[in-house]
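**Student:** Chains as they are written, first to last, in the working numbering: chain B, 1 to 653; chain W, 654 to 753; chain E, 754 to 919.
It is worth saying that the hints were derived from the structure and are not from the lab. What you are looking at is a predicted structure, and each value in this text was computed from that prediction instead of being measured. For each residue, glycine too, the CB sits at the ideal point set by N, CA and C. There could be a bad hint or two in this list.
Covered stretches of chain E (chain W as the covering partner; in silico rule of three or more C-beta atoms under 8 Å from a C-beta of chain W) [what the hints assert, rightly or not]:
{"id": "1", "segment": "762-773"}
{"id": "2", "segment": "777-789"}
{"id": "3", "segment": "817-825"}
{"id": "4", "segment": "879-893"}
Take a look at the letters that make up each chain.
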Amino acid sequence: MVAAAEAVVASPGFAKYAWIIALLPMLSAALTLFFGKRTPGRGWIYGVATVGAGFVLSLLVLWHFVQGGGAYSSSVSWFRVGSLHLELGQYVDGLTAVMLIVVTAVSLCVHVYSIGYMHGDERFTWFYVSLSLFTAAMLNVVVADNLFQLLVGWEVMGFCSYILIGHWWEEHVNSSAAIKAFLTTRTGDIPFLFGVFVLIVASGTTNIHQIGEMLGAGDIARGTASAAALLLFGGTIGKSAQFPLHVWLPDAMQGPTPVSALIHAATMVAAGVYLVGRLFDVFMHADPWVLQFVGIIGGMTALGAGLLGLVQDDIKRVLAYSTISQLAYMVSLMSVGPAGRNAAFFHLFTHAFFKALLFLGSGSVIHAVHSNNMSEMGGLRRPMPVTFWTFLIGSAALAGIPPLAGFWSKDELLVSASNGHQVVFVVLLLTALITAFYTTRMVMLTFFGEFRGHGHPHESPVSMTAPLVALAGATVGVGFLGASFAKAVFFKWVYFEEPEAIHFVPWVAALSVGAALLGVLVGYSVYREARERDPVLAMGPLTTLLVRKYFLDDIYLKGIVFPIRDKVSAFVYWTNQNVLDGAVDGAGWLAKAVSRAVDGFDGSVVDGAVNGVAQTAGFTGGILRYVQSGNVQRYAVLLFTGVVVLAVVFTRF
Amino acid sequence: MIRLPLALFFSAVLFSAGVYGVLARRNAVLVLMSIELMLNAVNVNLVAFSQAWKNLAGQVFALFLIAVAAAEVGIGLAIVILIYRNRETINVDEVDLLKW
Amino acid sequence: MSAQEYAFVVLALVGTVAAVRLVTAKNVMHAALYLVVTLASVAGVYLVLGAEFIAWVQVLIYVGAIVILFLFGLMLTKAPIGREALDNQQRGVALLVALGVLAGLVFLIQDAFRWDAPKVEPFQATTGVLGEALFHRYVLPFEAVSFLLLAALIGAIVLSRKEDRA
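Take these sequences, add in the hints, and give me the full structure.
**Tutor:** If you want it as structure tokens, here you go:
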């Protein structure tokens with residue numbers, strides 16, 4: 001039985017077809033899985049075609065909101081379990097439309113890029129299957145209108161991430177990284193799951209919109225909302241790599257670069273931020289200290305990760321820590337309130353483009369130099385011009401140089417924070433400085449100076465550079481969507497309860513530009529000349545702390561992993577062998593004893609009775625047979641005796 | 654006239670004598686004779702009752718009985734002769750193949 | 754006791770003695786002759802009772818045909834002579850049973866009629882009446898008996914055929 005519920009606001013326009021966008025990559029995943037190997041090109045065409053179509057459809061969906069359309073939701077009933085009613089549905093508002101664009105655009109670029117990057121790989125087809133599946137899962141999370149659907153997409157993403165990080169699993173370090181990623185995000189998923197349960201139990205429904213209404217009406221207690229918010233944030237900490245569960249993201253760089261670009265820059269890690277934003281009602285109606293906690297975690301992570309990015313040699317790890325830091329920006333902004341939420345989403349939107357650009361660019365460099373380490377790079381701006389210029393644009397955006405996208409979004413963040421959240425403001429400003437510094441370091445070490453590696457690097461093929469150019473264009477352009485002088489249309493699409501007006505605050509802009517330029521200047525001056533030893537590695541104890549990643553990995557390993565592996569597993573093993581197997585063996589022994597008793601009873605009593613009856617019959621027969629003498633006259637005697645007796649009996653009685 | 658019980662006693666005596674003969678005689682032919690004796694006793698009984706109740710059915714039945722007895726003797730003797738031919742004996746107690 | 758009764762008793766006694774001698778004779782030929790006497794006395798009893806047709810049928814068939822059959826049978830099977838040869842092992846039991854039968858029957862008669870009983874009066878000349886009844890009312894049993902006799906005839910012939918086919 002299928003029941004569809006629709007909430008139509010004016011005319012839904014193209015928004016009601018948003019679910020198709022989520023379904024298309026699923027189709028391509030299946031097609032690639034079954035027919036990929038036989039298709040010419042080994043199956044990339046399905047993924048590219050469907051995601052490309054999805055991107056076009058996302059634009060159409062966005063057009064509906066550009067024209068001032070309203071939110072739209074619809075659902076179909078899936079099945080009922082007792083009082084729990086599971087649905088499949090979509091909730092499409094401006095935020096959804098924006099996220100759809102981000103996911104499909106970046107996914108399309110990655111799909112095209114991988115044609116060249118993964119060319120000749122042994123598991124090329126399977127790679128594309130996983131990419132499509134992942135895209136489908138992320139789109140599902142974005143359009144989901146109920147918690148269950150969101151959870152399903154969430155978990156599928158985690159699985160795809162595991163598969164893709166460990167794509168070259170023959171190397172032990174890659175498979176270990178995949179496991180580390182999976183377990184760490186799982187650790188965050190458990191509180192997330194409980195948070196979902198709390199919400200479902202408290203509200204009786206899985207529909208996010210209805211939960212929001214119930215919260216607004218005061219039907220859910222403050223304490224319940226706080227508990228739910230805190231638990232849900234656990235999922236964000238895991239998926240978006242915040243402290244203390246950030247440890248998996250740098251190791252996840254073991255996977256192929258397109259994977260890093262798609263999953264660990266633009267989409268999956270952004271899902272944690274999206275979760276907080278989508279369920280912002282819960283956070284708003286929780287106790288204030290919940291949001292403060294969110295802000296603290298975000299701030300700590302932003303600064304800490306930024307510092308860690310300073311001392312990395314691997315170019316991808318620099319970008320990984322940068323991602324953690326930028327995500328922390330968004331998370332800490334969530335704690336500011338509705339204005340912060342909207343600013344965070346704007347930053348998520350822009351960050352997806354330039355971070356993906358940076359990752360793909362680094363992939364191009366790695367492809368040319370056959371090494372991840374910046375110590376083996378240098379002076380690449382001449383042999384690889386397209387890569388250089390696009391990378392430069394992305395880095396400038398990251399550092400926050402106007403008029404690129406990064407500047408506008410970072411500016412928005414600082415503006416929202418400046419309204420009464422001074423601590424956050426200061427931390428973010430400091431982080432912006434450090435961000436600019438390590439970004440400049442990265443660019444200098446890679447593209448300037450003398451080439452320190454082996455071989456002759458050359459520019460990458462068009463299939464790899466075309467996405468770079470496209471993303472660079474996006475980086476330049478999308479920033480203006482949130483700029484105040486361009487009417488800041490972005491905030492007409494993404495808002496919390498009420499659209500807000502955006503103002504340009506000059507002194508904040510001045511401070512953010514100043515911090516960015518200061519960082520760039522320092523970086524340029526430090527790394528302009530080639531040096532024997534990287535200065536950041538000469539900071540003494542600070543260097544040790546940063547290189548060892550604040551000793552967190554060691555703490556986790558010795559404090560959690562080893563005790564569990566040695567003590568807990570041994571205990572569980574002992575219990576299994578002695579208690580459980582003992583019980584099972586005991587039951588078996590008991591069954592055998594009972595069966596022996598029953599057998600004895602059957603043999604002696606039952607068989608005895610049966611044999612006894614047979615023996616009695618035989619015995620009696622042995623006696624009675626003598627009656628049959630064969631002599632007719634004897635029979636006649638008996639006959640006549642009987643007749644006489646019967647006659648007497650019948651007449652007298 | 655004749656008292657009925659007397660005739661019945663006579664019939665009873667003849668019948669008992671016939672029973673003894675059937676049970677005690679060894680020769681098959683003698684057994685057959687004893688059977689005839691029993692049949693005659695029955696006839697006497699029938700006729701006596703027929704005359705007592707003035708009902709002709711008794712005598713008719715007695716007539717039929719005589720006919721049946723004749724047939725039975727014929728067959729019986731044929732069988733006895735057959736046994737004699739096969740076994741060289743007509744002692745009833747030597748024909749006991751259906752013994753246990 | 755009337756004259757018929759006397760006659761009846763005398764005939765009955767003769768028949769009884771003959772019957773007893775029949776079943777205890779040591780000589781088969783004697784037994785056959787005693788049979789004749791018994792049958793004859795029974796015929797006499799019929800006469801005294803007033804059923805003359807039955808009496809003469811008795812003589813005709815029983816004494817005339819059946820006894821001859823028995824004599825032939827005895828001849829053809831070479832019956833031996835002697836007490837041990839003619840009586841079997843269960844004489845005692847047989848005597849008991851026979852006496853038991855007698856006792857039972859006597860008891861029954863006693864119980865039914867006491868001593869005084871309806872007297873038996875010979876009524877109508879029975880031959881014509883019998884004939885009429887036989888072919889009028891009891892014609893079906895009559896025909897059935899004819900079939901029976903035919904079957905017995907054929908059976909006797911079939912049974913006693915010599916089975917020597919070369």
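**Student:** Count the residues of the segment 879-893 of chain E whose Cβ falls closer than 8 Å to any Cβ of chain W, and tell me whether that reaches three.
**Tutor:** Answer holds; 6 residues pass the 8 Å Cβ test.
**Student:** Examine the segment 817-825 of chain E: at least three residues should have C-beta closer than 8 Å to a C-beta of chain W.
**Tutor:** Result for this restraint: holds, n = 5.
**Student:** Take the segment 762-773 of chain E, compare each residue's beta carbon with every beta carbon of chain W, and decide whether three or more fall closer than 8 Å.
**Tutor:** Check passed, 6 qualifying residues.
**Student:** Are there three or more residues in the segment 777-789 of chain E whose C-beta lies within less than 8 Å of some C-beta in chain W?
**Tutor:** holds (count 4)
Figure legend: structure checked against the earlier numbered hints; every hint is met.
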